[in-house]
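Following the hints, position chain B against chain A.
Here is what each chain is made of, one letter per residue.
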Amino acid sequence: MTTPAEEQTEISQRVPTGCPVIHLDASAPLEAGAHWEKANELRETSPTFFNSHAQGYWVFTRYDEVREMYQHPEIFSSEAITPWDPDPVYRFVPTQIDPPDHAKYRQLISRWFAPNAVNRITPQAHEIGQRLVADLASKGECDFVRDFAMRLPTEIFLMIIGVPHSDADLFVPWVEDFFAGFGGDLEQQTAMGAALGGIRGYWEDVLEDRRHDSTPREDDFVSLLVNSTIDDEPLGDALILDILTVLVLAGLDTTRGQLGYLFRHLAENPDDRHRLIAEPELIPTAVEESLRMYTIIFGDGRKVAQDTDFHGCPLSKGDMVYGLVSGANRDPRVYENPDEFIVDRKANNHLGFAGGPHRCLGAHLARRVMQVAVEEWLKVIPDFEVKSEEPLMERGGGAMMTLLSLPLTWEVQS
Amino acid sequence: MKLTVDVSICRGHGRCYSLAEGLLTYDEDGYVTPRGEVIDVPADQADFARNAADSCPEGAIDILED
Numbered sequence: 001m002t003t004p005a006e007e008q009t010e011i012s013q014r015v016p017t018g019c020p021v022i023h024l025d026a027s028a029p030l031e032a033g034a035h036w037e038k039a040n041e042l043r044e045t046s047p048t049f050f051n052s053h054a055q056g057y058w059v060f061t062r063y064d065e066v067r068e069m070y071q072h073p074e075i076f077s078s079e080a081i082t083p084w085d086p087d088p089v090y091r092f093v094p095t096q097i098d099p100p101d102h103a104k105y106r107q108l109i110s111r112w113f114a115p116n117a118v119n120r121i122t123p124q125a126h127e128i129g130q131r132l133v134a135d136l137a138s139k140g141e142c143d144f145v146r147d148f149a150m151r152l153p154t155e156i157f158l159m160i161i162g163v164p165h166s167d168a169d170l171f172v173p174w175v176e177d178f179f180a181g182f183g184g185d186l187e188q189q190t191a192m193g194a195a196l197g198g199i200r201g202y203w204e205d206v207l208e209d210r211r212h213d214s215t216p217r218e219d220d221f222v223s224l225l226v227n228s229t230i231d232d233e234p235l236g237d238a239l240i241l242d243i244l245t246v247l248v249l250a251g252l253d254t255t256r257g258q259l260g261y262l263f264r265h266l267a268e269n270p271d272d273r274h275r276l277i278a279e280p281e282l283i284p285t286a287v288e289e290s291l292r293m294y295t296i297i298f299g300d301g302r303k304v305a306q307d308t309d310f311h312g313c314p315l316s317k318g319d320m321v322y323g324l325v326s327g328a329n330r331d332p333r334v335y336e337n338p339d340e341f342i343v344d345r346k347a348n349n350h351l352g353f354a355g356g357p358h359r360c361l362g363a364h365l366a367r368r369v370m371q372v373a374v375e376e377w378l379k380v381i382p383d384f385e386v387k388s389e390e391p392l393m394e395r396g397g398g399a400m401m402t403l404l405s406l407p408l409t410w411e412v413q414s
Numbered sequence: 001m002k003l004t005v006d007v008s009i010c011r012g013h014g015r016c017y018s019l020a021e022g023l024l025t026y027d028e029d030g031y032v033t034p035r036g037e038v039i040d041v042p043a044d045q046a047d048f049a050r051n052a053a054d055s056c057p058e059g060a061i062d063i064l065e066d
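Chains as they are written, first to last, in the working numbering: chain A, 1 to 414; chain B, 1 to 66.
So here's chain A without its partners, still in its complex pose (with noise of 0.2 Å):
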């Protein structure tokens, strides 16, 4: 251990004068939109910080530095992805393959995600989307994070994967009690374990099962990735666990993070809402620009693979960077007016999907369920508002951001 002034004298041996040095521990949950704010300050004070939480880590705050970044995994590894936690003990598939190993897991997963696969299963995601919104629509009120938000992608994803969506029932409680443990809350870390287990224990059941399969089944991940190979080996039980597992701790609750957001939004925003209403071709636009201005990635982290002077800052090998994803979406440097809600914005390049090449494996995927959701939801609830005595609040950015909760009402039509 060092002593705070040993620290502080090591700091400024490493970090030039021009990159400020801050300490900035963003895993606290915080009163919603409070993250955005922050980040705003941030990119208009510096381009780049040193953040001396943790071991010590790069904030870089500024579009074209973030996007750098991803565009460039030979200097910036995914490796590890949290920047306070340079040696992780997990290691996730394909998220934290570098190139040019990355492309053989990357291929062999994207192409069930890609958009002839969404168009595929878009009937049956209408349908769970009337499902959910007509349980909910003659209670005049619900905790839209908790009632829809979840259940929607996760029914979604269990369609895609080929497993019955009703098994949304385990996976719903799964992702929230993985989520609660992940963002550091040490009373969770056994339910999180117990969470974590439960996931693995069903993907297990399901490889056993296609596993006895004398044919491979159509339209069904698990039994793709069982006749798979990857440089002519098969993948092995481990690697297909640890990819199912990945793809729902991905998937699901980031979903639910943005359409939090984005029904916050059209709660308090009518004239956009009636908008969608009557133009709903403008709901796809929407739905890109609350991925833009509500950003749940607050950051993204990389371990620096090689020395390298970038923009100023001399990163050396082994050291942590934090592209500040949130700070990025709203640069005015690229953006006109990038606080505002531009419900048919032109020009919108955000980074809510990150990019090079880790960008979003999920991304078409995760669109079509926005769009879906907004789209039959507003059809039968088209006026609801927040119901909320105390501010709302949100998820620290240690994790993806969300809305804790969002309690909504409307007016029960007869």
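Hints are computed from structural coordinates only; laboratory data are not their basis.
Even glycine gets a Cβ: it sits at the ideal position worked out from N, Cα and C.
Some hints could be false.
One side only, chain B facing chain A, incomplete, derived with CB under 7 Å [stated by the list, open to error]:
| no. | residue |
| --- | --- |
| 1 | HIS13 |
| 2 | GLY14 |
| 3 | THR25 |
| 4 | TYR26 |
| 5 | ASP29 |
| 6 | GLY30 |
| 7 | PRO57 |
| 8 | GLU58 |
Here is chain B on its own, set in the frame of chain A:
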């Protein structure tokens, strides 16, 4: 006007073919087609092409104005 997609930069975000449906489409893996070649942009597609290029998170699309 002409448009080109740089294959070495494109990462398959899919923004371009969503915004310029009349001009661009996608393959089985979700990557834009055609790519790596110069595409003639009809006059009535010019605004869509510009928006597609400006909306690419990778900056993979170049527009050559006449």
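The hints, checked one at a time:
Because the closest C-beta pair between B:HIS13 and chain A is about 6 Å apart, less than 7 Å, the hint holds. Of the supplied interface hints, the one on B:GLY14 holds, with its beta-carbon coming within about 6 Å of a beta-carbon of chain A, less than 7 Å. The interface hint given for B:THR25 is violated, since its Cβ lies 9 Å from the closest Cβ of chain A, which is over the 7 Å cut-off. Using the Cβ-Cβ criterion of 7 Å, the hint placing B:TYR26 at the interface with chain A is satisfied: the shortest such distance is roughly 5 Å.
Interface hint status for B:ASP29: upheld, as the beta-carbon distance to the closest one in chain A is roughly 5 Å, under 7 Å. At its closest, the beta carbon of B:GLY30 sits 4 Å from a beta carbon of chain A; the interface hint therefore holds under the 7 Å criterion. Of the supplied interface hints, the one on B:PRO57 holds, with its beta-carbon coming within about 5 Å of a beta-carbon of chain A, less than 7 Å. For B:GLU58, the interface hint holds, the least distance from its beta-carbon to any beta-carbon of chain A being 6 Å, beneath 7 Å.
The structure is inconsistent with hint 3 alone, although it conforms to all the rest.
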